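S.K.: These are the residues of each chain, in order.
Protein chains: 2
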Amino acid sequence: MRGVATVAVIGAGAVGCYYGARLARAGHDVRFLMRRDLEAVRARGLEVRSPEGGFRLEAVGAFAEPEAMGIADWVVCSLKTTSLAEAEALVRPCVGPETRVVALMNGYGVEQRFAEWFGPGRVFGAMAFVCINRREPGVVDHLKYGRLSVGHFEDDPEEAEELAAVLRSANLDVVVAPNLLHARWEKLCWNIPFNGLSVAAGGVTTQEIVDDATLRRVAEAAMRETVRVGNADLAAARSAARLDEDEVVGRLFGLTDTMGAYWTSMALDFRDGRPLEVESILGNPARRAAELGAAVPTVDALYALVRFAEASARG
Amino acid sequence: MRGVATVAVIGAGAVGCYYGARLARAGHDVRFLMRRDLEAVRARGLEVRSPEGGFRLEAVGAFAEPEAMGIADWVVCSLKTTSLAEAEALVRPCVGPETRVVALMNGYGVEQRFAEWFGPGRVFGAMAFVCINRREPGVVDHLKYGRLSVGHFEDDPEEAEELAAVLRSANLDVVVAPNLLHARWEKLCWNIPFNGLSVAAGGVTTQEIVDDATLRRVAEAAMRETVRVGNADLAAARSAARLDEDEVVGRLFGLTDTMGAYWTSMALDFRDGRPLEVESILGNPARRAAELGAAVPTVDALYALVRFAEASARG
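Chains A and B are the protein sequences, given in the same order.
According to this note's numbering, the first sequence is numbered sequentially starting from 1.
According to this note's numbering, the second sequence is numbered sequentially starting from 316.
Isolated chain A, as found in the complex:
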């Protein structure tokens, strides 16, 4: 997979727009399935603001229907998991015999669904460690970080390197994970405490969490529980890969301590009354922990409180 790839981005939220724009800038043929931003992007292109150097794509392939997008080499599905039920119908029109499908989504249990729909050999997962927010239509605010951790559903290292090569051609920071499950849990180690607490504490940024000593301890407790259930899940999957609890805690708090007043995606969704990725980020891991017999009381509490907060907000 060298040269120009055809990439279909399904679900052009902040993450899809950012990585898609980076690939397009590198010369790949990127087509975006857009909803909210469609007219703005058709009229004015797609702008990425970033302290690392912003840019604007003038001519962007922006589509309202996946049927119009054509078969792609790579389909990057960056829908929210709250739309996972729609993903198959939106992705399938872009999938031909050679197409590979990348779930660039949050949460636990996502690739399994894609593997069921499209066959496991063509399915990948990608985890974005990036601070990014949508702005007005056609504009994405890249704030900080951006590393992608990627893996192949069946953990074929050559396949994973194919994906990594495409992404690196856009000068992106890419790590091929020891395996996909490991990468999922590593991402959950951040998402569970910080997305969870950002809503459970009433709608706050990461700064409030790391600056309040007692909230910070709860975040750490949730992170350590996540490492442990992740390792139990890796063991159950007969993987030798493990998360190093203290390394993960040190590294992810180090990143978050310098993140500033960052609004997690879940806090933004909560603030703006959109559906929360509560089941994929909190519910599925909590249920997996229960299956594995791993105690995750802090995660359970965050799951219950976020779920209840969303239900209350919807009245």
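Bear in mind the hints are in silico, worked out from the structure with no lab data behind them.
None of these values were measured; they are calculated from a predicted model.
Just so you know, not all the hints are guaranteed correct.
Said to hold, decoys possible - Taking CB as the label site, the calculated pair distances span:
#: 1; chain 1: A; residue 1: SER312; chain 2: B; residue 2: GLY369; range: 29 to 37 Å
#: 2; chain 1: B; residue 1: ARG462; chain 2: A; residue 2: ASP272; range: 45 to 53 Å
#: 3; chain 1: A; residue 1: PRO137; chain 2: B; residue 2: ASP526; range: 35 to 43 Å
#: 4; chain 1: A; residue 1: GLN112; chain 2: B; residue 2: ASP526; range: 30 to 38 Å
#: 5; chain 1: A; residue 1: LYS144; chain 2: B; residue 2: GLU535; range: 33 to 41 Å
#: 6; chain 1: B; residue 1: GLY569; chain 2: A; residue 2: ASP272; range: 39 to 47 Å
#: 7; chain 1: A; residue 1: SER312; chain 2: B; residue 2: GLU535; range: 15 to 23 Å
#: 8; chain 1: B; residue 1: ALA626; chain 2: A; residue 2: SER50; range: 29 to 37 Å
#: 9; chain 1: A; residue 1: ARG242; chain 2: B; residue 2: GLU560; range: 27 to 35 Å
#: 10; chain 1: B; residue 1: GLY436; chain 2: A; residue 2: ASP244; range: 52 to 60 Å
Backbone N, C-alpha and C fix where the C-beta goes; we use that ideal spot for every residue, glycine too.
Mind docking chain B on chain A? Use the hints.
M.R.: Relative to the frame of chain A, chain B by itself:
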């Protein structure tokens, strides 16, 4: 202690008014230190509404200053623990050589303070298992239950029986606890999950907690953690008394399931912008657990979230 007792009620909130009124109706000489309700009670007396039979006291000894109340046989201190720093100064004017002092308050670590101030031999604790709310000044709404669990600070059974006898003379349901620490933890087994979650979930009644399956599981987890740290604390105090985890869970959820849409005192304080008893109900037990090396992750999470919610509400 038979016959008529002189009782000074310091801190005439819902609990102080209710039990004081019951004692007054039984013929005891009860004097109330009042703030908010003073003028109303002087003008119209004190009314208790209750499904078990309401009543009104026409002539009530209502005082603005403890110095005017005289020495009492019993001082019942029913201040909120957020006013614990003021308790000594408010109680002392009513304390003579024979006076006994009852802390009818929530939380952990309360009697210790009274023992330091007034000497351990005259200090008692009382835990009210009662659903009760204040209404307009001079009116208390007794909703359900009412059992008092009492103990002497040095666990002198004869002393504890003296207190029980006075309370029973007012036809109150009184249990003399195996020891005071046991009674404290038993009360915390309800207060920690239900006061904690009622605020952490954004300001809800007990009904929302027990009816939501995931919140209910969190409440149960917090209760079980509380039982365990309570038992560790009893062991550390060389007490043979223990809380039976399944019995406590079964009984307290049984009570709460039939409580209806009850607003905990902490949820009411939160709703009305008053200080929360977060340190005595959640913080002190969490710190005691840490001292004992007992893991209480759910309690820690509730403590952090309630503390943060209060701080946020105060801006």
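S.K.: So, for every hint listed, does it hold in this structure?
M.R.: Checked hints:
{"no.": "1", "hint": "A:SER312 - B:GLY369: 29 to 37 Å", "verdict": "holds (34 Å)"}
{"no.": "2", "hint": "B:ARG462 - A:ASP272: 45 to 53 Å", "verdict": "holds (47 Å)"}
{"no.": "3", "hint": "A:PRO137 - B:ASP526: 35 to 43 Å", "verdict": "holds (41 Å)"}
{"no.": "4", "hint": "A:GLN112 - B:ASP526: 30 to 38 Å", "verdict": "holds (32 Å)"}
{"no.": "5", "hint": "A:LYS144 - B:GLU535: 33 to 41 Å", "verdict": "holds (40 Å)"}
{"no.": "6", "hint": "B:GLY569 - A:ASP272: 39 to 47 Å", "verdict": "holds (41 Å)"}
{"no.": "7", "hint": "A:SER312 - B:GLU535: 15 to 23 Å", "verdict": "holds (21 Å)"}
{"no.": "8", "hint": "B:ALA626 - A:SER50: 29 to 37 Å", "verdict": "holds (34 Å)"}
{"no.": "9", "hint": "A:ARG242 - B:GLU560: 27 to 35 Å", "verdict": "holds (33 Å)"}
{"no.": "10", "hint": "B:GLY436 - A:ASP244: 52 to 60 Å", "verdict": "holds (55 Å)"}
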